[in-house]
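Spelled out, the chains give:
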Amino acid sequence: MYKIHFKLKLLLLAGFILVAALNVNDYWLIEMLVRYVCTSCVGIG
Amino acid sequence: MKLGNKRRLTQIAAFIISNLGFIRILKTGFVCPFLYCYGCPFAAFGCPVGIIQNFIIYHQFPLFTIGSLGIYGIILGRTFCGWACPFGTLHDMLSYSNAKRSIQTRNYWYVKYIILFLTLGLAWVALDTVFCKFCPSGSLFAAIPFLILYPKTEFGAPFYIHMFTLVSTIILALLISRFWCRYLCPLGAIAGAFNKVGILTIDWDEAKCKKCKNCLDICVMGITEMEEVGSSTDCIFCGRCVEGCPEKALSFKIKS
Numbered sequence: 299m300y301k302i303h304f305k306l307k308l309l310l311l312a313g314f315i316l317v318a319a320l321n322v323n324d325y326w327l328i329e330m331l332v333r334y335v336c337t338s339c340v341g342i343g
Numbered sequence: 019m020k021l022g023n024k025r026r027l028t029q030i031a032a033f034i035i036s037n038l039g040f041i042r043i044l045k046t047g048f049v050c051p052f053l054y055c056y057g058c059p060f061a062a063f064g065c066p067v068g069i070i071q072n073f074i075i076y077h078q079f080p081l082f083t084i085g086s087l088g089i090y091g092i093i094l095g096r097t098f099c100g101w102a103c104p105f106g107t108l109h110d111m112l113s114y115s116n117a118k119r120s121i122q123t124r125n126y127w128y129v130k131y132i133i134l135f136l137t138l139g140l141a142w143v144a145l146d147t148v149f150c151k152f153c154p155s156g157s158l159f160a161a162i163p164f165l166i167l168y169p170k171t172e173f174g175a176p177f178y179i180h181m182f183t184l185v186s187t188i189i190l191a192l193l194i195s196r197f198w199c200r201y202l203c204p205l206g207a208i209a210g211a212f213n214k215v216g217i218l219t220i221d222w223d224e225a226k227c228k229k230c231k232n233c234l235d236i237c238v239m240g241i242t243e244m245e246e247v248g249s250s251t252d253c254i255f256c257g258r259c260v261e262g263c264p265e266k267a268l269s270f271k272i273k274s
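Residue numbers (our numbering), protein chains in the order written: chain P, 299 to 343; chain H, 19 to 274.
One or more hints might be untrue.
Claimed, not checked - Straight-line distance between alpha carbons at most 30 Å, and here's what the computed DSSO-like set of lysine-lysine pairs gives:
| no. | chain 1 | residue 1 | chain 2 | residue 2 |
| --- | --- | --- | --- | --- |
| 1 | H | 271 | H | 228 |
| 2 | P | 307 | H | 226 |
| 3 | P | 305 | H | 273 |
| 4 | H | 214 | P | 305 |
| 5 | H | 151 | H | 24 |
| 6 | P | 307 | H | 266 |
| 7 | P | 305 | H | 271 |
| 8 | P | 307 | H | 273 |
Hints in this document: simulated from the structure, not taken from any laboratory.
Start from the sequences and build out the full structure, keeping to the hints where you can.
Put into structure tokens, the structure is as follows:
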């Protein structure tokens, strides 16, 4: 029972890795957010 | 080396790594596993809460962010809150060294989930990063450094709102250990949910335990039941209970 439970966790982890890997293009959008100052975060927007 | 010292070292290292963005090439598109504002002029990673709001505004699913948070969460649960988050580190510095003098209760733990849904809902409705306008972590790690670096910038009401939320949080953190992490952090709400399915846990050896409850007395997150240590959505795996158990009945364990 416990082993199946652990395998499910590993399956979930594999699922998240797959989701991140398939959407790796988002990296560039996030990099853009990080590179340019978020004015609302600093209270000038 | 004592667990507490190891934790302090990782917190310092996490703060330094989070600020490596002062080297332009190290401003990356990776998702930060803790609340650290990418409005900080030196930020090296993206704050997940800010990213998710931005994706909602553009009506896109933040799948890379969800995948990244899932990976962090399944492997380590809320460990990043206890061992890496710079805002959590500030709370550790503000909190009493002995949590016995703080409030030991888990009442209102669900408020952070309400904050999370409000954060996502308001981003959808207002098409703006509403949470970021109030985030005290953003106030400390983005607004203040920006003010220091660019003192000639004209700051208006939003800046003073930021300062108000920061000062309020600091005052409450002086009264209640890890106040922000316990009650308000939307990222803590997401990461906390993974504690239920995470691989890391804190193992409780009932045979060794003398039920002195010292572990619960020193818990900065106010956990009140032994069964909740290592599995509660509030456990940040800081290890104070592991270190404070006189019988060594608690230990970190990989569920395998």
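We went through each hint and held it up to the structure:
{"no.": "1", "hint": "H:271 / H:228", "verdict": "20 Å, holds"}
{"no.": "2", "hint": "P:307 / H:226", "verdict": "29 Å, holds"}
{"no.": "3", "hint": "P:305 / H:273", "verdict": "11 Å, holds"}
{"no.": "4", "hint": "H:214 / P:305", "verdict": "15 Å, holds"}
{"no.": "5", "hint": "H:151 / H:24", "verdict": "34 Å, violated"}
{"no.": "6", "hint": "P:307 / H:266", "verdict": "28 Å, holds"}
{"no.": "7", "hint": "P:305 / H:271", "verdict": "17 Å, holds"}
{"no.": "8", "hint": "P:307 / H:273", "verdict": "10 Å, holds"}
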